[in-house]
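Student: Can you make the complete structure from the sequences, with help from the hints?
Protein chains in written order, with the numbering used here: chain X, 18 to 175; chain V, 38 to 198.
These are calculated hints, taken from the structure and not from any lab test.
Source: prediction; values computed, not measured.
Take the hints with a grain of salt, since some may be wrong.
[To be verified] Here are a few chain X residues that face chain V, going by a calculated C-beta distance under 8 Å:
(1) P76
(2) S80
(3) L82
(4) R90
(5) Q93
(6) A97
(7) P100
(8) L152
(9) P153
(10) V158
(11) L159
(12) E160
(13) A163
(14) D170
(15) F172
[Said to hold, decoys possible] Output of the computed footprint for chain X on chain V, the stretches with three or more beta carbons under 8 Å from beta carbons of chain X:
(16) 47-60
(17) 95-109
(18) 116-128
Every residue gets a Cβ at the ideal spot worked out from N, C-alpha and C, and that includes glycine.
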Amino acid sequence: MSRWVALLDEVPDGAWASAEFAGGHLVVWDEQVEGALRADPRAFDASGAEAWVSWVRPPDDVSILFDDGSVQRARQLVLAGPPPLACTTLVRDGSHFAGALSAFAAESDLRDDPFARIWPARQGLAGPGLIGRPLPPTGPVLERYAGAPWPVDRFGSS
Amino acid sequence: MKLPDLELRDHGGNLRRLSDLVGGDPTVLQTYRGPWCPKEQRYFRRLLALQDEAEVAYTRMLSLSVDPPEVAAAFRAGLGARWTFLCDPERTALEQLGLRETTDTTHDPYVPVVFVVRPDLTVHSRYDGYWYWGRPSPDELVRDLRELSRELRSDWEAPTP
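Tutor: Quick look at the structure:
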């Protein structure tokens, strides 16, 4: 099972779930859609409650490897700190970091998003019907399993 | 030997099942007395060095004690550990595993043991650390994890033309 996510102005037909966020809509699909980014499916729940979300994406024309030291450090900090409600990195291909979505219980937690140290984040309250409450990763694994978006933690699961 | 599929709170208070935590990877499961023990403080420094390799080696780590989540979370944060700490303040898993340290009637803790565990929870190797030198060195753990990874990874011999 996989999920693909994008931040859009409007919710298109065919989406699996969506929620208002930061003046737009976070939209999730259960199939690959052009322009959307692959994410850990456990980060989403179509019956989930509202949550404070930090959405980090690279600036236009910027691309860094998923194994860049900044991305590795952000993943380490996620594992070391109090876990977010949900967290998924975003991937477009097998080698590049395309951003991250992290969800928190309190607005004040947004400032602690490790991925927002890499690039500025769009942050705000995401409405109900989108964000899941997965259990935190076991740790300390940072590697992706066959290119799946971290923290997917098994081969062949996404 | 196969470990029971324990169900315990983690350092964040989440109810966790051992088989889910282990997933499909080799796992180092360590029981420890508590943060008050100087032997544990020293041994955790070895494990912290191992975590820097485990994070890129598809290898999981777990620590288990009788501490409640609040104590385990503080100890974990102070160490800088990035793996899950399991909490057994009721000592139910301690009884299941038969790992009560009977000589310490003050803390009633786990006897220190390090297991290297397969995804099906069978034990690949066990080190009894009541006496400090019984605990595995990093080299011994790497040897065990190499053997277990070779056993688990069908493509251990890298595909070549």
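Student: What hint numbers does the structure not satisfy?
Tutor: 1, 2, 3, 4, 13
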